[in-house]
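J.: If you want the building blocks of each chain, they are given just below.
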Amino acid sequence: MRINVARRLTHRLSSWRPVNDASVNAFVCIAPPTPSAPDPGLPLNGVSVGLKDMICTTDMPTTSASGMLRDFTSPFDATVVTLLRAAGAHIAGKLNCDEFGMGSLNVHSIHGAVVNPFQAPSVAASVPWTEREKRSAGGSSGGSAAAVAAGLCDAALSTDTGGSTRLPAAYCGVVGLKPSYGLISRHGIVAFADSLDCVGIMAPTIARTKRIFDILNRHDPADPTSASHDSRAAASARAFDSWSSGVPSSLRIGVPAEYFPSELPPRIMSRVRAALARLKELGATLVPVSLPATPYALSAYYVLASAEASSNMARYSGVHYGMHVPAPAGEPPSMTAAAYARTRSVGLGSEVKKRILLGTYSLTADAFDNYFLQAQRVRRLVSEDFARVFRASAHSRDNRDAGMGGEGVDVLIHPSAMRVAPRLGEVDGSDGLDAYVQDVLTVPASLAGLPALSVPLPASGAEGSGDEDECVWPVGASVVGPWGAEEAVLAVGEMLEGLSR
Amino acid sequence: MLVLSCRPPIRLLARRLRRAFHDSRWPGWQVIIGIETHAQILSRQKLFSNSLNSGLGEAPNINVSPFDAAFPGTLPVLNQDCVDLALRTAIALDSKIQTRSSFDRKHYFYSDLPAGYQITQHYAPIALDGHLNIPNRDSPIRIKQIQLEQDTAKSVFDPHTRTSNIDLNRAGTGLLEIVTEPDLRSPEEAAGFVRTLQAMLRAIGASDGNMEAGSLRCDVNVSINSVGQPHGTRCEIKNLNGVKFIQAAIIFEVQRQRALLSNGYPVSQETRGFNSDTFETFKMRSKEEALDYRYMPDPNLGVIFITPERIEQTKQTMPELPWATRTRLTETYKLSEQDADILLSLGGGQEGSAVAYFDRLCKDRNPRVVFSWMVHELLGRLSAAKLTFADNPLSESQLGELVDLVHTGAITGTSGKLLLREILANPSQKTPTERARLMSLLSHDELDVDDLCVAAIAALPSEALAFKRGHMNVLNKILGWVMKESRGKADSKLVRERLVALLEQDRDA
Numbered sequence: 001m002r003i004n005v006a007r008r009l010t011h012r013l014s015s016w017r018p019v020n021d022a023s024v025n026a027f028v029c030i031a032p033p034t035p036s037a038p039d040p041g042l043p044l045n046g047v048s049v050g051l052k053d054m055i056c057t058t059d060m061p062t063t064s065a066s067g068m069l070r071d072f073t074s075p076f077d078a079t080v081v082t083l084l085r086a087a088g089a090h091i092a093g094k095l096n097c098d099e100f101g102m103g104s105l106n107v108h109s110i111h112g113a114v115v116n117p118f119q120a121p122s123v124a125a126s127v128p129w130t131e132r133e134k135r136s137a138g139g140s141s142g143g144s145a146a147a148v149a150a151g152l153c154d155a156a157l158s159t160d161t162g163g164s165t166r167l168p169a170a171y172c173g174v175v176g177l178k179p180s181y182g183l184i185s186r187h188g189i190v191a192f193a194d195s196l197d198c199v200g201i202m203a204p205t206i207a208r209t210k211r212i213f214d215i216l217n218r219h220d221p222a223d224p225t226s227a228s229h230d231s232r233a234a235a236s237a238r239a240f241d242s243w244s245s246g247v248p249s250s251l252r253i254g255v256p257a258e259y260f261p262s263e264l265p266p267r268i269m270s271r272v273r274a275a276l277a278r279l280k281e282l283g284a285t286l287v288p289v290s291l292p293a294t295p296y297a298l299s300a301y302y303v304l305a306s307a308e309a310s311s312n313m314a315r316y317s318g319v320h321y322g323m324h325v326p327a328p329a330g331e332p333p334s335m336t337a338a339a340y341a342r343t344r345s346v347g348l349g350s351e352v353k354k355r356i357l358l359g360t361y362s363l364t365a366d367a368f369d370n371y372f373l374q375a376q377r378v379r380r381l382v383s384e385d386f387a388r389v390f391r392a393s394a395h396s397r398d399n400r401d402a403g404m405g406g407e408g409v410d411v412l413i414h415p416s417a418m419r420v421a422p423r424l425g426e427v428d429g430s431d432g433l434d435a436y437v438q439d440v441l442t443v444p445a446s447l448a449g450l451p452a453l454s455v456p457l458p459a460s461g462a463e464g465s466g467d468e469d470e471c472v473w474p475v476g477a478s479v480v481g482p483w484g485a486e487e488a489v490l491a492v493g494e495m496l497e498g499l500s501r
Numbered sequence: 001m002l003v004l005s006c007r008p009p010i011r012l013l014a015r016r017l018r019r020a021f022h023d024s025r026w027p028g029w030q031v032i033i034g035i036e037t038h039a040q041i042l043s044r045q046k047l048f049s050n051s052l053n054s055g056l057g058e059a060p061n062i063n064v065s066p067f068d069a070a071f072p073g074t075l076p077v078l079n080q081d082c083v084d085l086a087l088r089t090a091i092a093l094d095s096k097i098q099t100r101s102s103f104d105r106k107h108y109f110y111s112d113l114p115a116g117y118q119i120t121q122h123y124a125p126i127a128l129d130g131h132l133n134i135p136n137r138d139s140p141i142r143i144k145q146i147q148l149e150q151d152t153a154k155s156v157f158d159p160h161t162r163t164s165n166i167d168l169n170r171a172g173t174g175l176l177e178i179v180t181e182p183d184l185r186s187p188e189e190a191a192g193f194v195r196t197l198q199a200m201l202r203a204i205g206a207s208d209g210n211m212e213a214g215s216l217r218c219d220v221n222v223s224i225n226s227v228g229q230p231h232g233t234r235c236e237i238k239n240l241n242g243v244k245f246i247q248a249a250i251i252f253e254v255q256r257q258r259a260l261l262s263n264g265y266p267v268s269q270e271t272r273g274f275n276s277d278t279f280e281t282f283k284m285r286s287k288e289e290a291l292d293y294r295y296m297p298d299p300n301l302g303v304i305f306i307t308p309e310r311i312e313q314t315k316q317t318m319p320e321l322p323w324a325t326r327t328r329l330t331e332t333y334k335l336s337e338q339d340a341d342i343l344l345s346l347g348g349g350q351e352g353s354a355v356a357y358f359d360r361l362c363k364d365r366n367p368r369v370v371f372s373w374m375v376h377e378l379l380g381r382l383s384a385a386k387l388t389f390a391d392n393p394l395s396e397s398q399l400g401e402l403v404d405l406v407h408t409g410a411i412t413g414t415s416g417k418l419l420l421r422e423i424l425a426n427p428s429q430k431t432p433t434e435r436a437r438l439m440s441l442l443s444h445d446e447l448d449v450d451d452l453c454v455a456a457i458a459a460l461p462s463e464a465l466a467f468k469r470g471h472m473n474v475l476n477k478i479l480g481w482v483m484k485e486s487r488g489k490a491d492s493k494l495v496r497e498r499l500v501a502l503l504e505q506d507r508d509a
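Same order as they appear, the protein sequences are chains A and B. 1 is the number of the first residue of the first sequence in full-length UniProt numbering; add one for each residue after it. 1 is the number of the first residue of the second sequence in full-length UniProt numbering; add one for each residue after it.
Honestly, the hints are just simulated from the structure, not real lab data. Every residue gets a Cβ at the ideal spot worked out from N, C-alpha and C, and that includes glycine. Just so you know, not all the hints are guaranteed correct.
[Claimed, not checked] Over 10 Å on every C-beta distance to chain A, these chain B residues come out as not near it, computed from the model:
no. : residue
1   : 128
2   : 231
3   : 330
4   : 388
5   : 498
[What the hints assert, rightly or not] Facing chain A, according to a computed beta carbon distance under 7 Å, are these residues of chain B, among others:
no. : residue
6   : 70
7   : 114
8   : 154
9   : 299
Just chain A, with the same shape it has in the complex:
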């Protein structure tokens, strides 16, 4: 039943992208045929949606790309799966990812690395698909981004804990939305770090992203962190009220200085700058802003996310479900600790083990105050930074203090990633720090629970210069808004998308 190829979907591929079978390694399971007849009256009739393999389904295994859950099938469907099916969507299958969502390159997977399907038009003409250079699709939702980029499905659901939707979306050149925390139900999503986990949406266009989001954006009593209907409506209205009903000429875009560090490659810097300049031509006001807690966000994120991960991973013990490595003959049955260690050592991958150790340490009685509590304080500072700059947020009266003359901004725009997709041979993910640094631009919105949308930027006009390859690989810009302002964020995303036409 589980196959590592997307053979049955290849007919969907457009002719200029000769992606075939196993070369992308996005799908880990193709959905069994659905008996239900299409219903044109349903909002997502005929739309095929792939699911990251951390989203529970009863008709397919949910491996989370972990040996621990290699043969695990959930006894229930995630709320998002139920909603998609009810809206007429066709669930295409399950998509590769980093084990339990931990990783930025989608190389930590029992299903193998995902290959970025992007191929520059100039190269596509001369180099056969199988011989092209293989680059990372990004992670952890690399399978979701690659499947959408390769046209293997119309849209995909991902998850995003610290950038797992936005980073692969940027690397693969698709739209990736991490909604506000609490808008899309997490019931049935395999947890990595509950206080940060969000279900993400990936699609080729903003319009399709929005279609999916509108179906999933509803209160779920099965998720205790699911926002109420009223708070959603209020937040959305507040965002549009402050931005004079979405007219480009009244849009105020914050450009946060901390998100354009000197380490950012010039080719990325220039493409984001060019996009901002075009938005300004359309009438938007660009406002330089500062989010001073940003440099501490990455450390705080890794402390908190690892702590929660160490807690959430404790259930994978081999006792109640999942992988169980039996005791070697002769081991006394009283050796409980050995039984746990044996199964967890074999079943969990190196990146997951590393984070369990980090998180376990930060929760020990001796380290708790200096690590976990300190990280929580930084998290609050990060949230306050954002609240200060947005004019729709409750703290907007503080805008004056932030040097904005009493007027905050509607959204922030900054690069989604510190680089374009790296070559798979060059990165194996074992150098933790290098991979972790890639999250520096995405974790602040996760810590603050804000909506963040990565939109592919138009190719730069620098083709023909020395580093041609690097210039054509996709670059994404992130649009970040106040909590619940998805509509405004998507509207700005559409303006960015329009620049490519």
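The hints should help you fit chain B onto chain A, whose structure is shown.
T.: Structure of chain B alone, referenced to chain A:
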């Protein structure tokens, strides 16, 4: 005068002090005890999932949701019924309900803990600073905190197969953890505390408090010190599930610690278990081996906000607390404290609580008469048959009618007891009056007391003569003849009156 009444005389104070610090079992030593009680919450569903709570004897692994088994993708949803019962408990224990409280995860690996953590309230419990008054003690026991938490699954070791079987029915059942300050000073006070707490939890419906079945379990902290010295090092005895085990464990522990200290050895802080066969405690782990539970705020459950309105509403709907019931029984019905305690200890049956049964019976009846029939006769009969009040087949109207039959003289007391025995032996829908008639117990039906008395005097001429000569005791023999002839149906008081009247009439004549 006022000053005097407020300050007990020195003599009394000294006696109280002596009692507090002197125990003939361990003269010169002071015993310090604190108790953590875990009471299973008597809600329909579990604390964070919608699976039902299980009763005793239910087949294993029946009431289990994916959340209870810690399946990936499951999330906790707080059961507000459990919160309400925690609020009732907090109010009954006179404690400060916290406007904001929250849940934390306590981590350890064990096969009866599917998630690898227990959700509890470590950093911000739902209530703090309570009090509970217990019998035979002037000052209340201070309650440090009340917290909500999950119960674990149950693992049962099968010695034949040498395997542990895990039953997830209990996994995720709500628990109330009630923690005292180290205020208890003797095994008897500890027992009194647990009994009082148990009665309270039952009265407010928060827990069935069944220690044998494990729905009420205690961890007891014990330390000893020489009188006048600072408190000693404490040892915690885990999982005691019976009041007598609690007392036995404390006594053993005091003697053990006393032996160590008397011989110059220190008591080391440790966690101990209790062997209910040998009545001894044994070492489980030392302080150094203690687990680091890595408490982490639960990222899913957020803050529980308790509004003053909710507290007020809970107060309005609180059932009567046992100590209020006790006062009512002694003041309204003039029962002795002992009798009130008997009623309170009876628990409930098909007809509701024993106290409610009593309350209904007392309408327009003499409470003492009712008490006597209910406790001495009915309960006496039941316990002779190894039954309890819970098995009582008599409706309150049946017992009431029986009491009335005797009270109005329609049947004699002796017949009443006979009737009760018959109803218990063969319960039916028939009224006691019908059954009394069928059994020919109704006094006025055919019995002529005068005829019998005349016959008796005629039958026992020498006794009659003796009485007339002043031997009053001989009357009992004549009375006995009448009772025997009437097969117990005659009213002995009436017979006595008639006999005396007839005999004195004779003498005068």
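J.: I'd like to know which numbered hints this structure contradicts. Please list them from smallest to largest.
T.: 8
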